[in-house]
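Throw the hints in and build the complete structure from the sequences for me.
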Amino acid sequence: MLWPRLRRGLTPYLFLAPFFLTFIAFWLGPIIASLIYSFTDWRGFASPRFIGFANYTKLFADPRFWVALKNTLFYGVVYVTILNLSALALALCLDSLWLRFKNAVKVGFFLPVTISLVVAAVIFEMIFAKGVGLLNIVQKGLGLGEIDWLGDPRFSIWAIIILRVWRALGYYAVIYFAGLQGIPGDVKEAARLDGCSPWQVTRHVTLPLLKPVILFGVIMSTIWALELFDEPWVLTKGGPADSTLTIVIYLYQAGFQYVELGYAAAVSYVLTLMIVAIAIVQKLLSGREVA
Amino acid sequence: MSGPSQAEQPAPSLAAYLGTLVVLLVLALAMTPVLWAVLSAFKSRADIFAGDVWPRRWSLENFDDLLAKTLYLRWMANSLVVALASTALGLLFCSLGGYAFAKFDFPGKTVMFWVVIASVSIPAFTTVIPLFGWLARLGLLDTYIVLILPFAANAFGIFLMRQYAVAIPNELLDAGRIDGAGEFRLYWSVVLPLLRPALGTVGVLIFIASWNSYIWPLVMMRTDEMLTLPVGVATLKSDQLPEYGMLMAASVLSSVPIIGAFLIMQRQFIAGLTQGAVK
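Heads up: the sequence lines are chains C and X, in that order. Just so we're aligned, residue 1 is where the first sequence starts under this note's numbering, counting upward by one. Just so we're aligned, residue 1001 is where the second sequence starts under this note's numbering, counting upward by one.
Think of the hints as simulated: they come from the structure by calculation, not from any bench. Glycine included, C-beta positions come from ideal geometry on N, C-alpha and C. Keep in mind that a hint or two might mislead.
[Claimed, not checked] List time: in silico DSS-like cross-link candidates among lysine-lysine, alpha-carbon distance up to 30 Å:
{"hint": "1", "chain 1": "C", "residue 1": "K283", "chain 2": "X", "residue 2": "K1237"}
{"hint": "2", "chain 1": "C", "residue 1": "K58", "chain 2": "C", "residue 2": "K70"}
{"hint": "3", "chain 1": "X", "residue 1": "K1237", "chain 2": "X", "residue 2": "K1069"}
{"hint": "4", "chain 1": "C", "residue 1": "K140", "chain 2": "C", "residue 2": "K283"}
{"hint": "5", "chain 1": "X", "residue 1": "K1237", "chain 2": "C", "residue 2": "K70"}
{"hint": "6", "chain 1": "C", "residue 1": "K130", "chain 2": "C", "residue 2": "K140"}
{"hint": "7", "chain 1": "C", "residue 1": "K58", "chain 2": "C", "residue 2": "K211"}
{"hint": "8", "chain 1": "C", "residue 1": "K130", "chain 2": "X", "residue 2": "K1069"}
{"hint": "9", "chain 1": "X", "residue 1": "K1069", "chain 2": "C", "residue 2": "K140"}
{"hint": "10", "chain 1": "C", "residue 1": "K283", "chain 2": "C", "residue 2": "K70"}
{"hint": "11", "chain 1": "C", "residue 1": "K140", "chain 2": "C", "residue 2": "K237"}
{"hint": "12", "chain 1": "C", "residue 1": "K283", "chain 2": "C", "residue 2": "K211"}
{"hint": "13", "chain 1": "C", "residue 1": "K211", "chain 2": "C", "residue 2": "K102"}
{"hint": "14", "chain 1": "C", "residue 1": "K237", "chain 2": "C", "residue 2": "K130"}
{"hint": "15", "chain 1": "C", "residue 1": "K130", "chain 2": "C", "residue 2": "K70"}
{"hint": "16", "chain 1": "X", "residue 1": "K1237", "chain 2": "C", "residue 2": "K130"}
{"hint": "17", "chain 1": "C", "residue 1": "K237", "chain 2": "X", "residue 2": "K1237"}
{"hint": "18", "chain 1": "C", "residue 1": "K70", "chain 2": "C", "residue 2": "K211"}
{"hint": "19", "chain 1": "C", "residue 1": "K106", "chain 2": "C", "residue 2": "K211"}
{"hint": "20", "chain 1": "C", "residue 1": "K283", "chain 2": "X", "residue 2": "K1109"}
{"hint": "21", "chain 1": "C", "residue 1": "K237", "chain 2": "X", "residue 2": "K1109"}
[What the hints assert, rightly or not] Chain C side only, calculated, beta carbon under 10 Å to chain X, not exhaustive:
{"hint": "22", "residue": "L6"}
{"hint": "23", "residue": "R8"}
{"hint": "24", "residue": "L14"}
{"hint": "25", "residue": "P18"}
{"hint": "26", "residue": "F19"}
{"hint": "27", "residue": "A33"}
{"hint": "28", "residue": "L97"}
{"hint": "29", "residue": "Y171"}
{"hint": "30", "residue": "L251"}
{"hint": "31", "residue": "G255"}
{"hint": "32", "residue": "Y258"}
So, in structure tokens, the structure goes:
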């Protein structure tokens, strides 16, 4: 009777095997290997040599890394603030909308999220373009001067922020709206009967109850912000004058243009640590299971 | 759930009118870039550099150029093959694994599950660097398999599948076993049909991740023939004299499949994209 029992015991492993083998080969293995390589001078074909923390000290001594970090953080703070505040406001507006419209509006808001980041960036290339771009046509119409959005270091990061907020706003508004829908109506009703004005209900009942969802939105958008790559790479290649150089662009250049894979692995681990720290903060703050 | 029901809702207040106005304004703003891209795709080169909003003459020359001068159709085929294959494989891998996590007890289960969950917050490009080196050595750069497998092992996908599979009644599975069904048979004809809502959600998740991914194929694909749509479209962007019309035609054409899929399966898309946000 051993064989049937053994077969029962093996079943879950067999079922998990396709996922886990692929997962180990393409995710878990590389994640661990990347950490190990970050302590080596690996350049692709020659075998890597252990060099201790040299990559990390080189990294922290490189002014371009600090520029990349500063750009990423500036972009992140501005983007996360604008995005979440306006998404929240928009969700409150959506809540007051007549029920009939809500679904169609939701679908409209979601549309930009389905368009790939790269395609969105290419479309915005022609919105920010000097002379022929939509923004400059509008600016001319309003009597404002022309701005070389992508060519002027003062504006390039703002162009990226505008593009990113455009793409994500509806998505976050729908998430916040779903959170608002989850708040039981009788709680709001009770506050209203106690004489609260609509603003007081929002301020003291709705927003506190929405806190977990807001926390989720802020954390998710922060993580996404730190991983910024596609749009600045497509639009400006990190320029002009490194004004849109992000950590991932820095990493990409180190790894795939200069083929310093060990060094790039160190960059990736600095960023990974930042993101894991944020994920841990989220766990601590929410105490909920959000994967 | 959402406040007073429709019947007892009071007449729209001033706030409701204002809110509706704001929503419609934002909606118009959200649609503007898409409309601009469509309009520009149909403009002739002269019209684009004239800087008008409406095309003076609707022209298909941008689309002709795109199809004649670039490998656009090949990139589209690559993207379709890769996204469909990773979705199909991913659904198989994630449903099998999620079911095993949900309904079997076995040594190492907890550890394995937490390893998968913990990996979700690790950014994808951490894996790109060692994989680039390894795959280059193995001569596997520039192959479909490299674009398919990483997306098939979707950690969030297996997590979602497990959540849905937990709800399957044990009695149903035991009844199947008593009837003499083998374990795989049981999975295929009892579990899988019950997982249908999860299949839609996870399928959309994997399809979008694969269809829109950029840095991964950018690093792993070496020849023009093997590029996927996002990478290919981005290569059309030259720094000298940008062919805006052709770029817009490429943007519009490559968004049509995903927007079409979105409009047909909105429910699954919105479920897939908002999973984890609100319980």
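Here is how each hint holds up against the structure:
This hinted pair does not check out: K283 of chain C and K1237 of chain X have alpha carbons roughly 42 Å apart, beyond 30 Å. Our distance criterion of 30 Å between C-alpha atoms is met by K58 of chain C and K70 of chain C, whose separation comes to about 17 Å. At roughly 14 Å between alpha-carbon atoms, K1237 of chain X and K1069 of chain X fall within 30 Å of each other, so this suggested pair holds. For a cut-off of 30 Å, the pair hint linking K140 of chain C to K283 of chain C is broken: about 49 Å separates their Cα positions.
With a C-alpha separation of about 28 Å, the suggested pairing of K1237 of chain X with K70 of chain C holds against the 30 Å cut-off. Of the supplied pair hints, the one linking K130 of chain C and K140 of chain C holds, its CA atoms being roughly 11 Å apart against a limit of 30 Å. The hinted pair formed by K58 of chain C and K211 of chain C fails the criterion: a straight-line CA distance of about 41 Å is larger than 30 Å. A distance of roughly 26 Å separates the Cα atoms of K130 of chain C and K1069 of chain X; the hinted pair therefore holds under the 30 Å criterion.
The straight-line distance between the Cα atoms of K1069 of chain X and K140 of chain C is roughly 34 Å, outside the 30 Å bound, and the hint therefore fails. Of the pairs offered as hints, the one joining K283 of chain C and K70 of chain C holds, with about 26 Å between alpha carbons and a cut-off of 30 Å not exceeded. As the CA atoms of K140 of chain C and K237 of chain C are separated by approximately 27 Å, the hinted pair is consistent with the 30 Å bound. The straight-line distance between the Cα atoms of K283 of chain C and K211 of chain C is roughly 14 Å, inside the 30 Å bound, and the hint therefore holds.
A hinted pair counts as satisfied when its Cα atoms are at most 30 Å apart, and K211 of chain C with K102 of chain C qualifies at roughly 23 Å. Note on K237 of chain C and K130 of chain C: the hinted pairing holds, with a Cα-Cα distance of about 17 Å set against a maximum of 30 Å. For the hint linking K130 of chain C to K70 of chain C, the alpha-carbon distance of about 27 Å falls within 30 Å, and the restraint holds. With a C-alpha separation of about 15 Å, the suggested pair K1237 of chain X and K130 of chain C falls inside the 30 Å cut-off, and the hint holds.
Between K237 of chain C and K1237 of chain X the CA atoms are separated by roughly 12 Å; this keeps the pair inside 30 Å, and the hint holds. The suggested pairing of K70 of chain C with K211 of chain C holds, with an alpha-carbon distance near 29 Å, which does not exceed 30 Å. The hinted pair formed by K106 of chain C and K211 of chain C meets the criterion: a straight-line CA distance of about 22 Å does not exceed 30 Å. Of the pairs offered as hints, the one joining K283 of chain C and K1109 of chain X holds, with about 22 Å between alpha carbons and a cut-off of 30 Å not exceeded.
For the proposed pair K237 of chain C and K1109 of chain X, the alpha carbon gap of about 44 Å is over 30 Å, so the pair is violated. The criterion of a C-beta within 10 Å of any C-beta in chain X is not met by L6 of chain C, whose closest approach is roughly 12 Å, and the hint is violated. Checking R8 of chain C against chain X by beta carbon gives a least distance of about 8 Å; that is within 10 Å, so the hint holds. Interface hint at L14 of chain C: satisfied, since its Cβ lies 8 Å from the closest Cβ of chain X, which is below the 10 Å cut-off.
Interface hint status for P18 of chain C: upheld, as the beta-carbon distance to the closest one in chain X is roughly 5 Å, under 10 Å. A least Cβ separation of about 4 Å between F19 of chain C and chain X falls short of the 10 Å threshold, and the interface hint therefore holds. The interface hint given for A33 of chain C holds, since its Cβ lies 4 Å from the closest Cβ of chain X, which is under the 10 Å cut-off. Given hint, L97 of chain C at the interface with chain X, holds; its Cβ is 5 Å from that chain's nearest Cβ, closer than 10 Å.
Hint on Y171 of chain C holds. Least Cβ distance to chain X is approximately 7 Å, under the 10 Å limit. Interface hint status for L251 of chain C: upheld, as the beta-carbon distance to the closest one in chain X is roughly 6 Å, under 10 Å. This hint holds: G255 of chain C has a C-beta 5 Å from the nearest C-beta of chain X, less than the 10 Å allowed. Because the closest C-beta pair between Y258 of chain C and chain X is about 12 Å apart, greater than 10 Å, the hint is violated.
Checked against the numbered hints given earlier, this structure breaks hints 1, 4, 7, 9, 21, 22 and 32; the rest are met.
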